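Student: Based on the provided sequences and hints, a complete structural model is requested.
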Amino acid sequence: MKITIQHLTKIFPSRTKGGKAVHAVEDMNIEIPSGKLVGLLGPSGCGKSTTLFMLSGLESPSSGKILFDDQDVTTLAAEKRGVGLVFQNYALYPHMTVEQNIRFPLDNMRIKKEEGNARALDAARLVQIEDLMARKPSELSGGQQQRVAIARALVKMPNVLLLDEPLSNLDARLRLQTREEIKRIQRTTGITTVFVTHDQEEAMSICDIMVVMKLGVMQQIGAPQDIYDDPNNLFVANFLGTPPINIFKGRIEGGRVYIGGEAVAETHYGDREVYVGIRPEGFIYNEDGALTLNVDHIEVMGRDKSVVSTHESSTKPTVRCIIDSDVALPQDAATLRFNIKPYKLFLFDAETEERLR
Amino acid sequence: MMEEKKDNGAATPQTPPKKHNRVAQYFIDLGSRIKGWFVDKYTAVKDFFYGFTKAGREEKKALAAEGPQLSRGERFRRGLKAQSGWIFVAPALILMAVFTFYPIFAAFFNSFKQGYSGMTGKFNGWGFDNFIRVLKGDTGTGGANFVQCLVNTLLLTFISVPLSTLLALLISVALNSIKKVQKAYQTILFLPYLTNALAMGAVFATFFKIIGTASNTETVGIVNIILGWFGISPIDWVGLQSPHWQIGSLSIPWAKYIVAIVYEVWSGLPFKILILFSAMQSINKQYYDAAQVDGASRWTILWKITAPMIMPQISYLLVTGIMGGMKQYSAIVGLFGETMGMDYDMGTMVGYLYNYIELGQTGYAFAGSLMLFVIIMIITWINNRVTKKRTTYR
Numbered sequence: 001m002k003i004t005i006q007h008l009t010k011i012f013p014s015r016t017k018g019g020k021a022v023h024a025v026e027d028m029n030i031e032i033p034s035g036k037l038v039g040l041l042g043p044s045g046c047g048k049s050t051t052l053f054m055l056s057g058l059e060s061p062s063s064g065k066i067l068f069d070d071q072d073v074t075t076l077a078a079e080k081r082g083v084g085l086v087f088q089n090y091a092l093y094p095h096m097t098v099e100q101n102i103r104f105p106l107d108n109m110r111i112k113k114e115e116g117n118a119r120a121l122d123a124a125r126l127v128q129i130e131d132l133m134a135r136k137p138s139e140l141s142g143g144q145q146q147r148v149a150i151a152r153a154l155v156k157m158p159n160v161l162l163l164d165e166p167l168s169n170l171d172a173r174l175r176l177q178t179r180e181e182i183k184r185i186q187r188t189t190g191i192t193t194v195f196v197t198h199d200q201e202e203a204m205s206i207c208d209i210m211v212v213m214k215l216g217v218m219q220q221i222g223a224p225q226d227i228y229d230d231p232n233n234l235f236v237a238n239f240l241g242t243p244p245i246n247i248f249k250g251r252i253e254g255g256r257v258y259i260g261g262e263a264v265a266e267t268h269y270g271d272r273e274v275y276v277g278i279r280p281e282g283f284i285y286n287e288d289g290a291l292t293l294n295v296d297h298i299e300v301m302g303r304d305k306s307v308v309s310t311h312e313s314s315t316k317p318t319v320r321c322i323i324d325s326d327v328a329l330p331q332d333a334a335t336l337r338f339n340i341k342p343y344k345l346f347l348f349d350a351e352t353e354e355r356l357r
Numbered sequence: 001m002m003e004e005k006k007d008n009g010a011a012t013p014q015t016p017p018k019k020h021n022r023v024a025q026y027f028i029d030l031g032s033r034i035k036g037w038f039v040d041k042y043t044a045v046k047d048f049f050y051g052f053t054k055a056g057r058e059e060k061k062a063l064a065a066e067g068p069q070l071s072r073g074e075r076f077r078r079g080l081k082a083q084s085g086w087i088f089v090a091p092a093l094i095l096m097a098v099f100t101f102y103p104i105f106a107a108f109f110n111s112f113k114q115g116y117s118g119m120t121g122k123f124n125g126w127g128f129d130n131f132i133r134v135l136k137g138d139t140g141t142g143g144a145n146f147v148q149c150l151v152n153t154l155l156l157t158f159i160s161v162p163l164s165t166l167l168a169l170l171i172s173v174a175l176n177s178i179k180k181v182q183k184a185y186q187t188i189l190f191l192p193y194l195t196n197a198l199a200m201g202a203v204f205a206t207f208f209k210i211i212g213t214a215s216n217t218e219t220v221g222i223v224n225i226i227l228g229w230f231g232i233s234p235i236d237w238v239g240l241q242s243p244h245w246q247i248g249s250l251s252i253p254w255a256k257y258i259v260a261i262v263y264e265v266w267s268g269l270p271f272k273i274l275i276l277f278s279a280m281q282s283i284n285k286q287y288y289d290a291a292q293v294d295g296a297s298r299w300t301i302l303w304k305i306t307a308p309m310i311m312p313q314i315s316y317l318l319v320t321g322i323m324g325g326m327k328q329y330s331a332i333v334g335l336f337g338e339t340m341g342m343d344y345d346m347g348t349m350v351g352y353l354y355n356y357i358e359l360g361q362t363g364y365a366f367a368g369s370l371m372l373f374v375i376i377m378i379i380t381w382i383n384n385r386v387t388k389k390r391t392t393y394r
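So the protein sequences, as listed, match chains L and E.
Here the numbering used here is used: position 195 in the first sequence is 195, and no number is missing along the way.
Here the numbering used here is used: position 116 in the second sequence is 116, and no number is missing along the way.
Bear in mind the hints are in silico, worked out from the structure with no lab data behind them.
Source: prediction; values computed, not measured.
A virtual CB, placed ideally from N, CA and C, is assigned to each residue, including glycine.
Wrong hints could be hidden among the right ones.
List time: in silico PhoX-like cross-link candidates among lysine-lysine, alpha-carbon distance up to 25 Å [to be verified]:
no., chain 1, residue 1, chain 2, residue 2
1, L, Lys65, L, Lys36
2, L, Lys113, E, Lys304
3, L, Lys17, E, Lys180
4, E, Lys304, L, Lys112
Partial pick of chain L residues on the chain E-facing surface, computed with a CB cut under 8 Å [what the hints assert, rightly or not]:
no., residue
5, Ser56
6, Leu58
7, Ser60
8, Leu76
9, Glu79
10, Val83
11, Ala118
12, Pro330
13, Ala334
Tutor: Spelled out as structure tokens, the structure:
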């Protein structure tokens with residue numbers, strides 16, 4: 001099912017009298033093609049969960065429209081939208097067994113017992129919990145509970161599957177496993193899936209389409225690699241990537257980009273103050289390189305090594321460069337010089353923080 | 001410790017243990033456990049007094065000669081510390097011994113004393129005479145009838161407690177769903193809890209009363225006035241002409257039952273609403289969101305989610321409500337006067353006990369109280385078995 005979001009806005013009135021109303025989501029426009037896995041990504045409080053709940057029908061938008069295919073569902077009640085929702089804390093009913101939990105949506109749809117049992121078992125098989133059907137949620141591990149919650153959302157064959165921070169309650173190892181699982185389930189069922197996360201690595205690893213949000217405003221939408229390689233603004237560039245991008249204060253003078261006194265790249269933009277963002281993997285060691293960094297120490301990771309250094313124009317305490325482990329670096333050098341890969345260098349306007357392409 | 005005793009007890013006879021049915025086995029186990037408990041205490045007491053005997057003193061001396069001797073003060077201090085728990089529970093224990101344990105034992109023994117006189121303490125001998133007379137209603141004093149009182153109590157309790165719990169559940173759900181002036185409603189609903197039972201009973205009686213004859217519609221209470229709007233002629237709800245069904249020697253004064261049940265339900269509501277409402281407010285909102293997305297109706301949400309989630313509170317209310325119902329007295333007196341209706345036809349169990357204490361026939365009161373005790377125990381046990389099965393503690 002194709003999802004279209006038009007000018008979606010959600011304003012929460014202030015709790016105190018005369019206080020400021022909170023704009024949780026502002027003028028959001030997205031088109032999600034059918035059968036894709038979409039990640040809503042952003043820091044806490046950026047409105048991504050609110051967007052999800054508006055899609056589910058649990059929150060109603062202040063203005064704007066939500067369309068499933070061509071049907072306007074903006075005012076449609078949650079139970080009539082045919083969405084499956086997986087909550088952050090799973091919200092499994094503690095007094096029901098796994099089977100009763102999974103069957104619950106079917107019972108509400110008044111589906112016959114035999115068919116309901118068959119469908120519940122199918123859903124359980126899909127998430128590989130068919131052996132746990134007789135247990136209560138309290139007798140399951142976090143990962144198993146998560147699967148039950150997904151099975152409960154899938155059993156009614158929803159048009160859209162929504163997951164609210166599906167991995168945040170799992171430990172690190174289980175998180176890796178479960179995110180592949182979610183990808184697998186989404187591929188098998190082909191259901192348009194939207195999930196919310198604040199973990200960029202998680203989003204980048206499994207999404208077909210990623211939506212980056214900040215303070216209720218959508219910053220960028222696209223394939224994860226495209227957004228990483230071509231960020232719209234300083235926030236997006238900063239938010240994506242581990243280790244994070246290096247940001248320098250710089251300026252453009254006569255078609256050249258300067259960091260400190262050194263020209264690192266060329267540009268067609270006129271003279272102005274800019275932020276220069278360079279991805280950690282964008283540095284090439286060269287004795288006559290364009291940029292000089294004061295080396296603090298070098299971390300050897302095996303596959304590659306990272307040079308941790310400082311620069312007076314850097315907006316962060318350290319500058320991190322990742323280079324291949326087979327590049328020989330001089331021992332105990334106080335400074336190293338690097339050339340910059342032009343496609344790993346982004347320019348942002350110092351005032352608007354928008355990208356200069 | 002008790003397990004050990006049980007094992008020892010089972011191991012001593014050389015013949016293979018006889019197979020008993022479940023009930024018999026239960027009482028045999030219970031018996032051996034009780035015996036074990038007494039043996040345990042007996043050994044402790046024996047050890048304590050052994051310290052005062054000659055042999056005990058010598059043993060102590062021998063022990064003291066072996067190891068380093070603690071000072072007298074230190075020994076006293078340590079001894080006191082080890083036994084300090086007893087000092088803390090002593091006040092409560094003494095009060096309970098005087099006002100709870102002694103009366104229970106006294107009632108138990110006195111109920112078997114035939115022709116017991118509360119004044120002189122004299123009696124004719126031991127036996128079940130009191131119990132037989134109480135059950136037969138053959139007390140020869142014109143006091144309340146035991147079976148009538150028992151039936152009244154059971155009927156009133158098992159109708160009014162579930163009914164008021166159910167109503168409280170529905171009202172709590174309604175209260176939980178309103179947003180504005182919730183606090184005000186809460187306060188209003190809680191007011192009856194603060195009102196005196198006798199006063200409320202008197203007011204209720206006035207609502208239902210007929211003054212003068214039943215045909216004189218000018219002086220009926222508000223309930224009869226309302227019934228009059230629907231063309232129903234006034235009913236003497238609480239008076240001498242109150243309608244009743246007769247089953248053998250048993251009288252079912254249904255009109256008075258209705259009054260009593262309405263009263264019991266109404267006065268039981270506030271506390272139940274308070275408990276259930278606060279329990280509901282502690283349920284995570286996500287369960288309701290999930291249920292909404294899954295298309296559950298309000299009815300399904302109430303019975304499949306809300307009720308099971310607050311099952312611990314519901315079962316608590318049922319258990320305490322039934323226990324309280326078995327002991328009801330003051331409300332009935334408030335509604336129907338000191339004679340509890342006409343010739344105690346609305347008498348309750350506690351009313352029965354009080355009646356015979358007043359009449360000076362304490363033997364019947366003792367026998368009645370013992371039976372009340374057993375009945376409450378059985379009901380509570382069944383209640384626990386039933387509710388435990390349906391309760392998931394979060």
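Student: Which of the listed hints are broken here?
Tutor: 7, 8, 11, 12, 13
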